[in-house]
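Number of protein chains: 2
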Amino acid sequence: MTQDTTPAELEQALAAASAAAPAFGASEPAVRAGWIRAVADALDAASDELVPIAMRESSLPQARLTGEVARSTGQLRMFADVLEEGSLLEVIIDTADAQAKPVPRPDLRRVLVPLGPVLVFAASNFPFAFSVCGGDTASALAAGCPVIVKAHPGHPELSARTAEVMIEALKTAGAPDGTFGLIAGFDVGVTALKDPRITAAGFTGSVPAGKALHEIAVTRPEPIPFYGELGSLNPVFVTQAAIDARGKDIAGGYVGSFTLGVGQFCTKPGLLFLPTGHGLQEQLVEAVGGVADAPMLNDRIKDGFSSGLDRLEKVDGVRVWSAGAATLLQTTVTELLARRDEILEECFGPVSIVVEYDGIDQLKQAVEAFEGNLTATLHAEDADADLARELLPLLTARAGRVLWNGWPTGVAVSWAQHHGGPFPSTVGSIHTSVGVTAARRFQRPVAYQDAPDAVLPDVLKDSNPAGISRRVNGTVTTDEVTR
Amino acid sequence: MTQDTTPAELEQALAAASAAAPAFGASEPAVRAGWIRAVADALDAASDELVPIAMRESSLPQARLTGEVARSTGQLRMFADVLEEGSLLEVIIDTADAQAKPVPRPDLRRVLVPLGPVLVFAASNFPFAFSVCGGDTASALAAGCPVIVKAHPGHPELSARTAEVMIEALKTAGAPDGTFGLIAGFDVGVTALKDPRITAAGFTGSVPAGKALHEIAVTRPEPIPFYGELGSLNPVFVTQAAIDARGKDIAGGYVGSFTLGVGQFCTKPGLLFLPTGHGLQEQLVEAVGGVADAPMLNDRIKDGFSSGLDRLEKVDGVRVWSAGAATLLQTTVTELLARRDEILEECFGPVSIVVEYDGIDQLKQAVEAFEGNLTATLHAEDADADLARELLPLLTARAGRVLWNGWPTGVAVSWAQHHGGPFPSTVGSIHTSVGVTAARRFQRPVAYQDAPDAVLPDVLKDSNPAGISRRVNGTVTTDEVTR
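Protein chains in written order, with the working numbering: chain Y, 708 to 1190; chain H, 708 to 1190.
Derived from the structure by calculation, the hints contain no laboratory data. The hints are all genuine.
Calculated lysine-lysine pairs in the DSSO-like style (CA-CA distance at most 30 Å, straight line): (1) H:K955 x Y:K808; (2) H:K1071 x Y:K901; (3) Y:K1168 x H:K1071; (4) H:K808 x H:K1168; (5) H:K955 x H:K1021; (6) Y:K901 x H:K901; (7) Y:K1021 x Y:K955.
Next comes chain Y alone, as it looks inside the complex:
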């Protein structure tokens, strides 16, 4: 997969995904869950083979990549579990009501069905968790959609080998041919995105690429949903009380978070807001100075980081506190507000900016300077509760995940997770790319009106044969339904 996919190969992938869609989409949830678990098992079994390829292609260390495989396969199994439990299908049943006003109500049974083949644009910075076998793929497969991944050129061999493992596992488990496919090449990806057989797309990457692909997806003759995770600054705001209580922990946690994975996380804290007179400069500089040199993912990202860093360092009012394997910059809220567009631009890599604020009003001004972000973090103490209650709505308005006394790097995979935020951090901010509800991006509802049990899918039958969770006349239950 170091070569671009040929037009004939792309046509084959699209035709196969399209042909697989009805059977894969109509598969019983428990059967589909089995196929997804087979993929997880195969990836775990291949971990010892895949991780060295990933190390070579991404320059990321073994422990991180091994953990990433476990995260990815755990994610697949989570979706399989929820698919089997039934909540992923969001079944809602309203039985007929002859007395309803102003008119009698029919029997209505709603279930989420798959959209059809999904195109996933893989990211470079998580060669497993946001790439071929990542969250977009896992959630789309759980939804019942065949998936075609457009490989990231940063790890071509890993992409190809991961896809082989997945395809083999699906085939052995009995999933339809064409359930999963891999393509490569920028223009190939664009061609696929325009193809009428593609019904939705997921993307993780840069703002310009995401915006361009989004525009293609939504202005096609038949527009399709495009879920793009673009860029995020992930500001962290620290109160004086928090500094007083645990300033050193905050300094250490911050440097650890913004240099994790060589700063190549979409949730990297790009700015740390500290009260003037925080007294942490020395410790911060020392911690940053202790960061070991490590290679970046690839030359394109390294070059982008170099030029971004160069640009940031030259912004008026931005000072360099420490430069080495990682860079720590410093400015003030007054200077940030004067040059907002220059300072509030993501620089992907091991750099972050300490921004000093002078009093609560400036802290609020700083919060309000931000557009949409994946995360926003507040470090505060119990004594700050009033301030926190005032700040949290402002943070909520600007972020998809709001953290208390934590660090934004690390995105837990669970029911309640939300990984997404107001534009420009994502396009499609009402959806998440991580967590159980990520599957919804690839499902649409269908309501059956007055259909008898004999023709309904099992999940909608009165007897609820699989015992799944359903909302019946407003209440969630696993009970049978009486017409």
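We have chain Y; now place chain H onto it with these hints.
Only chain H this time, still in chain Y's reference frame:
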């Protein structure tokens, strides 16, 4: 409101909605529910005043319009109930798990929050239920979003008076100023759609207008979700067994459905597929001949119907079975497949086409000829179960609501309803414009990580003070949470 909104008035409406958004969005669910009920009560109280205005402006009869007010106010109360019950907020809580693999999991609490001011483009054919006080407005208010409605020019006085009643009710009940506003004028609507303070838009209307507005919304510098209900043919397929069992009822039901409201329903059955030799021509023609003449909504729609009808009647292979107050056309599947684009084009008004099919294979070919629709209907008998199980997936792939032995006109407002379908019937087919889940269009998730009860919104607190339904560690419950 016979004049376009001036730029100064538009600016005032947008500024007021934007100013209202934080307070309205942060209002306690029970308080907001009270405001919404106040609107419903005020509209019911004003029904005797509003209905005559609607009759004059829309030419629709009193009974229909009185029922539509009740439908609209019932819809508002349904949203108020669900908001209070809590399911509308979709709270999901995953408590911390120090043992989670590969890494410990934090406490995550997710809730849906309002997007912000919503712009609603009102429709003409339901002066209440899909206009100023319609489903888009009700669901956006329930979500916590201020609403600006762009009035439909077909009923300007009704729009203005309805808005006055709503604004007065909201003010008296204590909702923030700017929670609701009304604007008028095509260009004014476009200007509003481009305004950065507008965060989402709903639309019900024609395919060309919907496509044009969609493109504006999704290609703004900050793209916003656009939910458009555009057009639908709503085919009805009838088996031989159904004809044998109740042919006359089907003929009568069909004519009643396609001429209801002078055929001005987005769910009008535009085509009825009957087996060759159905023997219903005489009865159908008689029923259509008995339809009383009635005025259409306005001259623009009347002219559109005239030219659409003229076009349809001239298509090769289409024959006129009955022409009068309502028109019944006839063709065959063979002819339809030969001129698919000409025959499968919505003609808004009292016309429908009987399409005769010859055997099951042709019936399937007919089903597969359709693109996305709001509804698809099958009339069949118990003996057809095998055929029905084969057809239902094909209908499901093409429609948002699949009816059994019913008629698509009439869209019940309930939890399980889905009013939406694959493109081109809607843009945004993963969402509904009717039913409880319509509110989701105007909500985005936010997850709070490790935040203490003291700063969390009440709905996320351990103690669950309002006793709402929440998904806690995967299971829906009203129980308290233990950290």
